[in-house]
Amino acid sequence: MTIAYGLRDRYCGEVDETCVGMNISVCGWVSRIRDHGEHLVFLDLRDHTGQIQCVVDKNINIRSEYVLKISGFVSYRPEENYNDKIPTGRFELKDCEIEILNTAEALPFSLNSKANIDEALRLKYRFLDIRSERMQYNLRLRHNVIQAIRESMSSLDFLEVDTPLLWMPTPEGAREFLVPSRLQKGHFYSLPQSPQIAKQLLMVGGMDRYFQIAKCLRDEDLRADRQFEFTQLDLEASFVGQDQIIEIVSKVISDLFLKILSVSVGPIESISWIQAMLTYGTDKPDLRIPITITDLTALFTSTKVNALRGSSVQAMLLKNVASLGRAKLDEFVAIAKRLGGKGLLWLRVVNDEQGLNFDSPVSKFLEDDDRQAFLKGLDPNEGDLILVVSDEPLLACQILHAVKTYAISEFLIKEEVSKTDYRFLWVTDFPMFESVDENGNAVAAHHPFTMPNEDDLQLMDSNPLKVRSSAYDLVLNGWELGSGSVRIHKREIQEKVFNALGLTDQEAESKFGFMLNAFRYGAPPHAGFGLGIDRLIAIVANESSIREVIAFPKSQSGIDLMTMSPTMVDDRTVKELGLSVLDKDKSETK
RNA sequence: GGACCUGUAGUGCAGCCUGGAGUGCACGUCGGCCUGUCAAGCCGAAGGUCGCGGGUUCAAAUCCCGUCAGGUCCGCCA
444 MTIAYGLRDR
454 YCGEVDETCV
464 GMNISVCGWV
474 SRIRDHGEHL
484 VFLDLRDHTG
494 QIQCVVDKNI
504 NIRSEYVLKI
514 SGFVSYRPEE
524 NYNDKIPTGR
534 FELKDCEIEI
544 LNTAEALPFS
554 LNSKANIDEA
564 LRLKYRFLDI
574 RSERMQYNLR
584 LRHNVIQAIR
594 ESMSSLDFLE
604 VDTPLLWMPT
614 PEGAREFLVP
624 SRLQKGHFYS
634 LPQSPQIAKQ
644 LLMVGGMDRY
654 FQIAKCLRDE
664 DLRADRQFEF
674 TQLDLEASFV
684 GQDQIIEIVS
694 KVISDLFLKI
704 LSVSVGPIES
714 ISWIQAMLTY
724 GTDKPDLRIP
734 ITITDLTALF
744 TSTKVNALRG
754 SSVQAMLLKN
764 VASLGRAKLD
774 EFVAIAKRLG
784 GKGLLWLRVV
794 NDEQGLNFDS
804 PVSKFLEDDD
814 RQAFLKGLDP
824 NEGDLILVVS
834 DEPLLACQIL
844 HAVKTYAISE
854 FLIKEEVSKT
864 DYRFLWVTDF
874 PMFESVDENG
884 NAVAAHHPFT
894 MPNEDDLQLM
904 DSNPLKVRSS
914 AYDLVLNGWE
924 LGSGSVRIHK
934 REIQEKVFNA
944 LGLTDQEAES
954 KFGFMLNAFR
964 YGAPPHAGFG
974 LGIDRLIAIV
984 ANESSIREVI
994 AFPKSQSGID
1004 LMTMSPTMVD
1014 DRTVKELGLS
1024 VLDKDKSETK
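First residue of the first sequence? That's 444 in our numbering, and the numbers climb one at a time after it.
Be aware that one or more of the hints could be misleading.
Below, computed lysine-lysine pairings styled on DSS-like, alpha-carbon distance capped at 25 Å [stated by the list, open to error]: (1) K528 <-> K567; (2) K954 <-> K933; (3) K727 <-> K780; (4) K762 <-> K807; (5) K694 <-> K862; (6) K780 <-> K762; (7) K780 <-> K807; (8) K727 <-> K658; (9) K933 <-> K567; (10) K954 <-> K628; (11) K909 <-> K727; (12) K785 <-> K771; (13) K694 <-> K727; (14) K658 <-> K997; (15) K819 <-> K747; (16) K862 <-> K702; (17) K537 <-> K512; (18) K819 <-> K807; (19) K862 <-> K528; (20) K557 <-> K567; (21) K807 <-> K771; (22) K954 <-> K939; (23) K557 <-> K862; (24) K557 <-> K501.
So the derived label-pair ranges between C-beta atoms look like this [what the hints assert, rightly or not]: (25) S1000 <-> S713: 12 to 22 Å; (26) E952 <-> D880: 18 to 28 Å; (27) K933 <-> G709: 30 to 40 Å; (28) Y525 <-> N466: 19 to 29 Å; (29) S1023 <-> E952: 24 to 34 Å; (30) E952 <-> G648: 18 to 28 Å; (31) A741 <-> P804: 44 to 54 Å; (32) S713 <-> S988: 22 to 32 Å.
Please keep in mind that the hints were generated in silico from the structure rather than gathered at the bench.
We treat Cβ as the ideally placed atom computed from N, Cα and C, and that holds for glycine.
Required output: the full structure, derived from the provided sequences and hints.
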């Protein structure tokens, strides 16, 4: 018996020519039984490495998913009975002795079935679901990815430091989970939405380079790519700027893809936020999709068509879909209106006696200049479909992006988007503030510790919405994989940003006083990044939801279907925490 | 807070639009047969609160309303 193998001599999937002729023991679960009568029973034993066929020639009372230790002689199968579908298909265990380590009831769903098992059922019995090949693969992949990241970070002189889970609420940003304090009644810790402030304080503490495979917690609504708790590669480095962080993260990513997938990522393109918005209509474009937005404003300055006389003219060409029915086109228009646009104009490219022409609700208003403008601006072919939104540029482009996303999900070019094509993109120069609220205060686009672009500092008071920040996102195939920024390390600039956000000095002091205080004592210039590991693994695993790469995820309404948490607790427990539950009847019926 | 999709035997589905006896398929389960299978095969059997509640109707899995659960998305996610 060895440390590695315990009760067994080999793992099931490891049986190979090196052990032919040996009497070995394997342990695992019964995957399938093929019973030919008492003289011949085939039994597939499965563990985390694979499966091996065991031949039994006596009466047994074994059922699926029993836990067995099987001892037998490893033999080659008769050559005509090789099974090429599995790695151990040339071997089998003969003259087997079976020890039943545990019995099992029939499972609520089959682990062998190729059918899609209802996800709620899988989550209720997650401990069984994890036995499936899919989950075994995904969780092993997750381990390998995290392991590779730790090695990379370590080799780049980053040091892993734990930061507290029970900490200080940071009221800006995502809604946080609160934890009542028993010892300090009426006081609360919060679970961090990210270790942001802690890692900046580590920089003040002279750690130079920090990273953490960090749990982040956000009490916001769940999605396919969002869970309450998720895992982030959190990193921060001193005396570096945007370029170094981008270089570091790019290296970690490309080393990872080479190691895990043998894929060479190559240099990662970079695009400014405004350019991304105007070209793709989103700040997280999927570069695998070759549909971009063209600004035709300059070509329609003197048009008489009202639908083309908005403050800009943004157009998108969809190849070979002019046959699309009116119902779909009406849905496009509906999407545009739902997003706050005035509408959307479509033009089918046809070929008539005048050459290329347009079939559209505005056909009869189109003058020759308008036709030429579309031909010149978009170079369409017969059978293409042109979609145009004439509105404020950002809104128009966002509408076209939404329509494009819908079109792709419904009918467009799906087969052309390769799942094994990994198109990374850095998006830089995000706006510092995304809007101004009803009180005239700016609303931060990133977090309030983000350094404004130095060239825009003088706009902070006069025109804050024009201020760019030193923030950058890493995008992969339309997923936001992570984001980071250069941080403010000077107290004066930090105060200026808090002011723009509408925080009074007193508020800033009470919420972030410890941080402002730290900045009095020599904070180094620093910058960092947070990379969503669940999303990264989901993409690498070719899964469309991060739930598939998390051992025990929650449903969209935030319930763990296995434990059925969250649960009620008894009054005494609540009272001990210095709390009382309001509207209890209502919460009990839920 | 909102929109849409889904819920039928242990599992995966069909049936629903156009109301007429829980009508059907595959897998699994249970029993029997079977000495080279590998999604073994053959024979047989059991297995149903059609998510739940209400309404319309002579009659509801089917139509209507509500509700619960799951999913996708919008809002939200500094």
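Status of the hints after comparison with the structure:
1. K528 <-> K567: 31 Å, violated
2. K954 <-> K933: Cα-Cα ~17 Å, so holds.
3. K727 <-> K780: 22 Å, holds
4. K762 <-> K807: The hint holds at about 23 Å.
5. K694 <-> K862: Since the Cα atoms of K694 and K862 sit roughly 22 Å apart, the hinted pair holds (cutoff 25 Å).
6. K780 <-> K762: At roughly 24 Å apart (the allowed maximum being 25 Å), K762 and K780 satisfy the hint.
7. K780 <-> K807: 24 Å, holds
8. K727 <-> K658: Holds - the C-alpha atoms of K658 and K727 are around 23 Å apart, at most 25 Å.
9. K933 <-> K567: 50 Å, violated
10. K954 <-> K628: 20 Å, holds
11. K909 <-> K727: With Cα atoms ~21 Å apart, K909 and K727 stay inside 25 Å; holds.
12. K785 <-> K771: Roughly 18 Å between the alpha carbons, so the hint for K785 and K771 holds.
13. K694 <-> K727: Holds, at about 20 Å.
14. K658 <-> K997: Given pair K658, K997 holds - Cα atoms ~15 Å apart, limit 25 Å.
15. K819 <-> K747: Cα-Cα ~18 Å, so holds.
16. K862 <-> K702: Roughly 18 Å between the alpha carbons, so the hint for K862 and K702 holds.
17. K537 <-> K512: Holds, at about 14 Å.
18. K819 <-> K807: Answer holds: K819 to K807 is near 20 Å, not above 25 Å.
19. K862 <-> K528: Holds, at about 24 Å.
20. K557 <-> K567: 19 Å, holds
21. K807 <-> K771: 22 Å, holds
22. K954 <-> K939: With a Cα-Cα distance of about 15 Å, the restraint between K954 and K939 holds, given a limit of 25 Å.
23. K557 <-> K862: 20 Å, holds
24. K557 <-> K501: 31 Å, violated
25. S1000 <-> S713: 12 to 22 Å: 39 Å, violated
26. E952 <-> D880: 18 to 28 Å: 22 Å, holds
27. K933 <-> G709: 30 to 40 Å: 37 Å, holds
28. Y525 <-> N466: 19 to 29 Å: 22 Å, holds
29. S1023 <-> E952: 24 to 34 Å: 32 Å, holds
30. E952 <-> G648: 18 to 28 Å: 21 Å, holds
31. A741 <-> P804: 44 to 54 Å: 24 Å, violated
32. S713 <-> S988: 22 to 32 Å: Between S713 and S988, where Cβ atoms are some 29 Å apart, the hint holds.
Checked against the numbered hints above, the structure breaks hints 1, 9, 24, 25 and 31 and satisfies the rest.
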